[in-house]
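As they're listed, the protein sequences go chains A and B. Residues 1 to 205, numbered by the UniProt record's numbering, are exactly what the first sequence covers, in order. Residues 1 to 205, numbered by the UniProt record's numbering, are exactly what the second sequence covers, in order.
No lab work stands behind these hints, which were simulated from the structure alone.
Note: identical chains are not told apart, hence a pair may lie in one copy or across any two.
List time: in silico DSSO-like cross-link candidates among lysine-lysine, alpha-carbon distance up to 27 Å:
| hint | residue 1 | residue 2 |
| --- | --- | --- |
| 1 | K6 | K77 |
| 2 | K24 | K38 |
| 3 | K50 | K17 |
| 4 | K159 | K138 |
| 5 | K77 | K138 |
| 6 | K38 | K6 |
| 7 | K38 | K50 |
| 8 | K38 | K17 |
| 9 | K6 | K17 |
| 10 | K162 | K138 |
| 11 | K6 | K24 |
| 12 | K6 | K50 |
2 protein chains.
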Amino acid sequence: MNFSSKLLENAVAEFAKLPGVGQKTALRLVLHLLNQDKEEVERFGSAVTKLRNEILYCSVCNNISDHVVCEICSSNKRDQATICIVEDTRDVMAIENTNQFTGVYHVLGGLISPMDGVGPADLDIDSLVARVASGGTKEVIFALSATMEGDTTIFYLNKRLKDFNISISTIARGIAFGGELEYVDEITLGRSIATRVPYENSLSR
Amino acid sequence: MNFSSKLLENAVAEFAKLPGVGQKTALRLVLHLLNQDKEEVERFGSAVTKLRNEILYCSVCNNISDHVVCEICSSNKRDQATICIVEDTRDVMAIENTNQFTGVYHVLGGLISPMDGVGPADLDIDSLVARVASGGTKEVIFALSATMEGDTTIFYLNKRLKDFNISISTIARGIAFGGELEYVDEITLGRSIATRVPYENSLSR
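Just chain A, with the same shape it has in the complex (with noise of 0.2 Å):
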């Protein structure tokens, strides 16, 4: 692209690393930008770097937090004895947000992925290990990706914490609420039969 301006150039290169955003996208978003106050592009700007430059992590689950322990891992509400492992901080989100979940989470920041070079030393799993060898731990709660990745991972924690006094679950697959069968692919449709459940138990929701 020709640009008219080297300002101008920059700020589309800066927009267009992001992911999913072309050259094209990004000159949209930066002119939108150059048409907004001063104020309002200041604050954009701030927003981002404030929250790179400030932002912590949950020292107990490594979720990202305005403080040193998390509001979910400081709450006298929630049971502490029950950790959910989740791949990121849009997993803690996404379960949050059914309200079905009273325990906490510990989030690993990445799935174990040999193809794209991520290993178990990339991930907070030692602080996991570490937290379930403290004690206080009845449950962990494997809530990960159903891809090669997620079982990977789950495999290779399975290892890890089994030889501790605790219990370890995955959380259920199978088909989707309002799914149709016959859009159902073979192996989710497979595994759900053979890990069928009473017809009581599937009520309880």
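Based on the hints, put chain B in the right spot on chain A.
Only chain B this time, still in chain A's reference frame:
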């Protein structure tokens, strides 16, 4: 969404104000930035605020520029007597990419749109009229979108400019190169028959 951090929530809210960016996309972009180096994020933030604070608009054509007079307006290789009127800087970039135009531009900064409350006074029209009135202009070319707003703007500008001794033209409308006839809308097809050009003229590109 339940954010675990106020800083995170602020940054997501700022991103979600951008056009075409919803809460989920905003969160994805913000988490991407969180995983970058501090210097990288600093560069992103400062590129945006620097652009807004230091950008100039060419005093002749109103295009975004790093100088008081932009490179095109100050170039002696460009035909200063032919002014192409466009909506915004993206149109300048699109026309420059064709390498077919050697004249200069005038950027209106928008189109007349009573529905959106944009009147002639909100656009850089007076500076265009003054520019033509000051002499030296031989031709004005309207390169505006073929929409209601574009047509309204052309109608208004034509009224303001028609008493000057200049020729006024609009870019050709018709079927696009590579366009299949059966998929062209009726208005375009009908007009392209009515405004047909001699075969010899159609060959000179």
